[in-house]
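J.: Protein chains in written order, with the numbering used here: chain V, 50 to 103; chain G, 27 to 356.
No lab work stands behind these hints, which were simulated from the structure alone. Even glycine gets a Cβ: it sits at the ideal position worked out from N, Cα and C. One or more of the hints may lead you astray.
Under 7 angstroms between C-beta atoms, here's a sample of chain V residues computed to sit facing chain G [unchecked claim]:
hint: 1; residue: A65
hint: 2; residue: R67
hint: 3; residue: R68
hint: 4; residue: F72
hint: 5; residue: A76
hint: 6; residue: L77
hint: 7; residue: V78
hint: 8; residue: V81
hint: 9; residue: L92
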Amino acid sequence: MTSSDPFNEGPEAAAARRRRNVFLALALVAFVVIVFVVTLVHLGGAGVSRPPVG
Amino acid sequence: MSKPAAILPHDAATITAKSPAQWTDYLQLMKPRVMSLVVFTALTGFVASGGHQNLFIAIVSILCIAVGAGASASLNMWFDADIDAQMRRTRGRPVPSGKVQGADALALGVVLSGFSVMLMGMAANWLAAGLLAFTILFYAIVYTRWRKRSTAQNIVIGGLAGALPPAIGWAAATGSVTLNAGLLVLIIFLWTPPHFWALSLYTAEDYAKVGVPMMPVVKGAASTRKQILVYSIILIPVCIAPAFTGLGGPVYLAVSVLGGLVFLLLAARVAMSRAGDMPGERDTDGLYDVKTAAKSARNLFAFSILYLTLLFAALLVEHASGLRPLDLLS
C-alpha cells in the first residue's frame, strides 16, 4: 500500500478516485461560493430598501 | 422506494472487468442531453416571463433546474438499471455497463435533489423550489417507480415532469405562474407522446423484451400510429396559441404555423405507414439508422425535436431582443 493508493486498489483506480474527489471538492467549493454570493445579493437588496435611520 | 431487480448475471461479470468510474461517468448519469433541453426550455420560461431578476440569481436558478433534472435522471438510472441493461439504446449507461454502482447513482440523485431544491428556494423563491421538488419526485417516483412499468400511458404521465421546467423558470423569475406559463407546459406535455411514440415504433422490441408496456407493445403499432396523429392534431393549435395570448410574436407565429404544418404532414405519413409492423426495423443501436418501413417514424421523431427547439428559440429570441408580442386578439 502506498500513500497514493491508500485502498490498495491499483494505480488506475486510485487515480480515478483522486480525480473524482477533486471534482467533488470543486463542486462543494462552488456551492459554498454560490450560497455566499446569493446571500450578498439578497442582503444588498434589503440594504438598499432599508429606510434611513434617524 | 425498493431496489429494482438485480442486473443480469452476465452483466455482473462485466462489472468487475470495467475500468474505475471517472467523474464523466457521473455526469452521464445526469443525462446531459436531456438536461440541455430542460435548461433551454426553463431559460425560455424565465426570459419570456418578463420578470426582473438579478443576473446572478437568474444563472443560479437555471443551474438549480439543470441539477434537479440531472438528479431525477440519476434516480431514474438507478431504478431502471435492470431493464436498461437489456435494451440496445440504454445498455451503455453508467450503471448497467458497470462503470458506476447503483447505490452511488441513488446517492447522487438524492443529494443533488436536496441541494438543487434548497438552493432554488434560497436564491429565487420557494414556489420555484416547490415546483422543482415536485418535478423531481414526480419523475422519480410517479413515473419511474409507479407508472413506467405498469401502464401504456406511461409516456403521457411522465411527460408532465419533462413539461414543467418552463413553469419553474417562470416562477423563479416572477414568483408566480400564469396561464402563459401553463401554455408552455401544455405544449411540451402534448408534444411528448407523438415524439416518444414515434421513437418507440421502431424500438418496441427492446421494450417488449424487458416488459415495459410501451404503447406499440400493448396496443400495437396501428393504434400507436393513430394516437400519434390525434395528439399531433391537438398539439399544433396549442403550439400556435401563444401568438394569440401575448406571449409569442411574429417570428413565433411563423415558426409555429409552418413547423406545425410539417409536423402534421409527418404525423399523417406515420399514420399511413407500416412503421412498427415489422420487427427489427433498426439497423444499428443508433436512434436514426432505421429500415425503410420505419423511416416515417424516424423522420417525425427527428423533426419533433427540431420543432420544439425552434418554438422555444423563437420565444427566447423575441423576448430577449425586445420584439413586441403580437396582440392578435385585440
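J.: Against this structure, judge whether each hint is valid.
T.: How the hints compare with the structure:
{"no.": "1", "hint": "A65", "verdict": "holds (4 angstroms)"}
{"no.": "2", "hint": "R67", "verdict": "violated (11 angstroms)"}
{"no.": "3", "hint": "R68", "verdict": "holds (6 angstroms)"}
{"no.": "4", "hint": "F72", "verdict": "holds (4 angstroms)"}
{"no.": "5", "hint": "A76", "verdict": "violated (9 angstroms)"}
{"no.": "6", "hint": "L77", "verdict": "violated (10 angstroms)"}
{"no.": "7", "hint": "V78", "verdict": "violated (14 angstroms)"}
{"no.": "8", "hint": "V81", "verdict": "violated (11 angstroms)"}
{"no.": "9", "hint": "L92", "verdict": "violated (12 angstroms)"}
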